[in-house]
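Fit chain X with the ligands to the given chain D structure using the hints.
One-letter residues, chain by chain:
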Amino acid sequence: MTSITLGKFSLKNTCIHRLDPRLKVLGMLMFLVIIFLSYGVTRQNYLMYGFFFVILLILMIISRTSFLQVFKSLKALWFMMLLLLVINALTVKSGEVWFYIYQLDIHYEAILRWGYIVIRLILMIMTTTLLTSTTKPMELTFALEWLLTPLKYIKVPVHIIAMTLSLALRFIPTLAEEADRIMRAQASRGIDFREGKFKEKFKAVISLIIPLFVSSLLRSGELADALEARGYDPLGKRTKYRKHKWNYKTTLGLLIIAIFLTGIILLAVYQFDFIGMIMGLMK
Amino acid sequence: MLGKFTSVNYVYGKEGTALASSALSDINLTIDDHVFLALVGETGSGKSTLVQHLNGLLLPTSGTVQVSHYLLKTEKKKKYYIDLDKEQGKHPKRKQFKVKDLRKFAGLVFQFPEYQLFEETVLKDVMFGPLNFGMEEKKAEAIAKAALKLVGIGESYYSRSPFELSGGEKRRVAIAGIIALEPKVLVLDEPTAGLDPKGEKEMMELFDKIYQSGKSIILVSHNMDLVLKYAHEVCVMNKGKLLKVSSPLEIFQDEEFLSSTAIEPPLVFKTALELKKAGLDLNLDNIKDIPSLAEEIRKAKKND
Ligand SMILES: Nc1ncnc2c1ncn2[C@@H]1O[C@H](COP(=O)(O)OP(=O)(O)O)[C@@H](O)[C@H]1O
Ligand SMILES: [Mg+2]
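Going down the list, the protein sequences come from chains D and X.
According to our numbering, the first sequence is numbered sequentially starting from 491.
According to our numbering, the second sequence is numbered sequentially starting from 36.
This is chain D alone, in the form it adopts within the complex (with noise of 0.2 Å):
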């Protein structure tokens, strides 16, 4: 239970985790845009797609993520794509019959569609497994900050935000501890979390939201309290303990994020045919 930690940051020291988490999350969010994007008919989308794969493959090789927890992220959610494999079969009914089932034609489209949303998750999951798994909550929490400064000119309370966001998280093991805690006590009054029906498993989450919600009300008022006796004043002007600094470095990755996503969507605006332009080089 107490591992339970947001996205699992994991304790390495590779050039990805010591990258500004600025330019990280710009990162995910260019790769969360470019990935659902259309570069023209299919086969040009498949090859982009997988050119993107093997960017983000690359990185998590650097960075000794783990492809198991990507991989852990998708069997949560099989049962969906099932599901949309099974509207897709039923209802795209347009192109080429590929094969029937008894008197049912299932049409190479079908699948093709099915086969985009499949990959999109695949890269949407390895995207944000990279960026959280290499990205401390703090930092990502300040990234956040930083990206939403615009939003100070429009009165936007920004940092009151990334206060109360870096305090949830925070949060977050101490309240998995309580859970373990709750869980463990309740079960010396003989209720079973893991097993037994459905009124019983009712009875078990029961007994353990509520403590939970109690405890934590609690707390959050006592931090508040402290938050006060300190003197906090959330309006004032905060300072940081970890300074990231803007130098070259930080410039230049931007620089080629920004390219890499200009080319990119060039791309996808003028739906450049370059597979066939590269194949009727070779005739």
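By construction, these hints were calculated from the structure, which means they are not laboratory data.
Incorrect hints may appear among the rest.
Now the stretches of chain X that chain D is said to cover, found in silico as 3 or more residues with beta-carbon under 8 Å [what the hints assert, rightly or not]:
1) 107-114
2) 240-253
3) 272-280
4) 316-330
Derived DMTMM-like pairs: lysine to aspartate or glutamate, alpha-carbon spacing no greater than 25 Å straight-line [as the list claims (entries may be wrong)]:
5) X:K112 <-> D:E685
6) X:K279 <-> X:E291
7) D:K693 <-> X:E217
8) X:K130 <-> D:D682
9) X:K111 <-> D:E629
10) X:K133 <-> D:E629
11) D:K691 <-> X:E171
12) X:K159 <-> X:D118
13) X:K279 <-> X:D118
14) X:K244 <-> X:D67
15) X:K133 <-> D:D682
16) X:K219 <-> D:D682
17) D:K687 <-> X:E154
18) D:K687 <-> X:E291
19) X:K274 <-> D:E667
Note that the Cβ used here is the ideal one computed from N, Cα and C, for glycine as well.
Frame of chain D; chain X with the ligands shown alone:
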């Protein structure tokens, strides 16, 4: 024999990973029937970990724990709950016991048990345990009321929400929740920490009463006054190891041993020791608290 730990090791977290930390190492302990046993040691020495083995919440990473006829062990990452009374059964499944039976046999009151209250009313919360163990509603209610009476919670509290009670009252209700299970062994993890002196005294008197009624008490405590007064046997733990098991009298007299630990004998006992050194003929066996010390001094004076 009530219980037996044989070469018990316990490791938190997955073994072999960076998160693994050993909390118990090579614990060997035999617990007699009908004991009032105290478990002392610095925080983090593994007391809470040890007591959670007694009702099968934790299973030893290696070694075996036996409580009454229930045997707990882990082999090749598989957990075994073996009922020694059914040893004759050939099929391994038949030898298994339900862990619930052990939970009822050894009632465990956690450190800060007030955080486990959750029902709408005090009475319902105390009934929760008995109901979970399959008791009828009527009987559970009667038992719950009796348990509440024992811990000094009056009838006017029955229909109140447990969340609006004071810290001490919550603690009593939570303890009543375990007493209502009618366990053969009551295991208490720092039950009086944070209570006022009067509440502490009342609680300890209650535990002693339960002990007198034929049950066993295993108590984790930092309060040596209580250990001296109530316990018949003391286990001293340090850094996951069991340093010493003997009577309070022996431990508090063993200066060499005491100097190697952070245990401070009770003031009453130290006073008695000094008096004895100064020539007063005291029977240390009888000294439990201030009144008994006074009585001993009176006797010694008379004999002079
Ligand atoms: N749930 C847990 N996960 C990991 N380590 C733990 C857990 N509970 C206790 N520990 C560790 O095990 C050791 C013994 O703890 P504990 O049994 O609670 O000691 P005590 O009750 O004597 O204060 C400590 O070092 C503690 O940090
Ligand atoms: Mg403890």
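Status of the hints after comparison with the structure:
Interface restraint, the region 107-114 of chain X with chain D: violated (0 residues with C-beta to C-beta distance below 8 Å; minimum three). Counting residues of the region 240-253 of chain X whose CB lies closer than 8 Å to any CB of chain D gives 0, which falls below the minimum of 3, so the coverage claim is violated. With 0 residues having a beta carbon nearer than 8 Å to a beta carbon of chain D, the region 272-280 of chain X misses the requirement of three or more and the stated coverage is violated. Under a criterion of three residues with beta carbons nearer than 8 Å to beta carbons of chain D, the stated coverage of the region 316-330 of chain X fails, only 0 such residues being counted.
Proximity of X:K112 to D:E685 is assessed by CA-CA distance (about 20 Å); at most 25 Å being required, the pair is judged to hold. Among the hinted pairs, X:K279 with X:E291 is consistent with the structure: their alpha-carbon atoms are about 13 Å apart, no more than 25 Å. With a C-alpha separation of about 22 Å, the suggested pair D:K693 and X:E217 falls inside the 25 Å cut-off, and the hint holds. Between the alpha carbons of X:K130 and D:D682 the distance comes to roughly 20 Å, so the proposed pair stays at or under 25 Å and holds.
A hinted pair counts as satisfied when its Cα atoms are at most 25 Å apart, and X:K111 with D:E629 does not qualify at roughly 40 Å. Only pairs whose Cα atoms come within 25 Å are accepted, and X:K133 paired with D:E629 is rejected, the gap being roughly 47 Å. Only pairs whose Cα atoms come within 25 Å are accepted, and D:K691 paired with X:E171 is accepted, the gap being roughly 20 Å. For a cut-off of 25 Å, the pair hint linking X:K159 to X:D118 is broken: about 32 Å separates their Cα positions.
Between X:K279 and X:D118, the direct Cα distance comes to roughly 30 Å. Violation of the 25 Å bound is thereby established for this hinted pair. Pair hint X:K244 plus X:D67 holds up; C-alpha atoms about 19 Å apart against a cutoff of 25 Å. As the CA atoms of X:K133 and D:D682 are separated by approximately 11 Å, the hinted pair is consistent with the 25 Å bound. Restraint check for X:K219 and D:D682: satisfied, since their Cα atoms lie roughly 21 Å apart, inside the 25 Å limit.
The suggested pairing of D:K687 with X:E154 holds, with an alpha-carbon distance near 20 Å, which does not exceed 25 Å. Proposed proximity of D:K687 and X:E291 is contradicted: the alpha carbons are some 57 Å apart, above 25 Å. For the suggested pair X:K274 and D:E667, the alpha carbons sit about 21 Å apart, so the restraint of at most 25 Å is met.
Checked against the numbered hints given earlier, this structure breaks hints 1, 2, 3, 4, 9, 10, 12, 13, 18; the rest are met.
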